[in-house]
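Peer 1: Given the coordinates of chain A, assemble chain B onto it according to the supplied hints.
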Amino acid sequence: MYDDNATARTDTLIKIISLFVLVLVVIAFTTNPIATGVGVGEKVPILEGKIYNGNGWVDYDLHAQFDTDWNEEDTNATWFIVEFLDTDCSACWRDTAKVSDLQNAISSTQWDRAPVQMIAVVVELNIQNHDGSRDEIKAFRDKNDGDGSFKCNAGRSLCSERDGNPYNFPFFDDLDGKSTKDWDIPGTPTYFIIKPNGIVAWSSVEAGNSDIFDAVNGLIPEASN
Amino acid sequence: MLYIIPLLTGILLISPLREKLPLDVLMKKYPSLENDTRKIFLGQTLIVLTGFAVSAHTLWISNKISEGGSYCSAQNVFDCDSVIGDMRYNTVPFTEIPWGLLGFLAFTVLLYFVRTLSNEPHADFVEKHIQFGKLMTVGGFFIIALLVYYEFKMGKICQYCTTAHVANIAAFFGFYEIEKAYQSDDWKKLK
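If you read the protein sequences in the order shown, they are chains A and B. Under the numbering used here, the first residue of the first sequence is numbered 1, with each subsequent residue one higher. Under the numbering used here, the first residue of the second sequence is numbered 226, with each subsequent residue one higher.
Since the hints were derived computationally from the structure, they do not count as laboratory data. Do not take every clue at face value.
What the hints assert, rightly or not - Capping the alpha-carbon separation at 30 angstroms, the derived lysine-lysine pairs in DSBU-like fashion look like this:
#1 Lys181(A) - Lys378(B)
#2 Lys178(A) - Lys378(B)
#3 Lys98(A) - Lys138(A)
#4 Lys253(B) - Lys414(B)
#5 Lys414(B) - Lys245(B)
#6 Lys413(B) - Lys254(B)
#7 Lys15(A) - Lys378(B)
#8 Lys50(A) - Lys378(B)
#9 Lys413(B) - Lys15(A)
#10 Lys381(B) - Lys178(A)
Chain A extracted, bound-state conformation (with noise of 0.2 angstroms):
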């Protein structure tokens, strides 16, 4: 049995899939396309909405900020560290000391490495008694006790209890969970550190007990001026 039309068909189909492949493979060869995703060396999913920045509340695109021409020389672009935390988590209210101090050494102007933007945003797990809410990310952002209809920490705490200083970086409103999703969070806090390209330079997920503060003194560089 021979079959002229099935002859025809696997001709065409051989060619076409030649010209398909040879241009994938040119594709392939000639660009280098980046993951969005937050592990080490991927593009960071969009965080777009409002941001609490100490005056009110006003909308942000973190990917706006991003100078996607950065390169590596470049030791003065402003590099992201950005928080997810949950203004009723334990574990939030204990590391409170530990990024105020972060806040502290990057707003210092002894701080002779690259500009760093801090960036918290607040997501709200679904445990019992995490039931935060705008006047209460303001409240634990300026350390204060809001119209004092609402406590932080669980319902434990008062939100001005918290160690620390009163912070002075934006605070993303994520309560209804949509970024959190995006950005694939486990659980809070978790930290990420990412270059002025928007790429992740690392992450509290991937480096396991390692300190945040060890981090930054590794990857951000020393600004060139």
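Peer 2: Frame of chain A; chain B shown alone:
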């Protein structure tokens, strides 16, 4: 312009205007083009090849942008970097597949349909391949609608994506013309 010329030529060849085109020189070299259906096949091949090439180019741009480079950014409404580089919209929903790759795969399949029809016009798969081609390009209309909606939301237009959309729409009319030719006596004269 690299894509516009073959695309427009293809559209002219599948349209009724093909009879008025000055193709004498081409027909002397390729006598088979004297058959009207062969002109449609040539036009459809040009259209689908343009879609194939521009989709591959879009995929390449998408990869380049993810590396951190800029390729076709502009301050005006025609800004393919902003469209292809927008992480909210640049992949097929619920997947990580870039739109360029989907278009590249789709036009590869369409190219297969067109070339098998042209190479073996009396085979038993002809009717099926015409119908599959029409169905695929109709499916493309929904994707185009979604992508145009995204562009509208961004207030930007990606020229390369638009060329691929036009190629898909033109390919639908191409398959429609091929179907009409298939139902005509002209088809029987095809060798």
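Peer 1: Just pull the numbers of the violated hints for me, sorted ascending.
Peer 2: Number 7 only.
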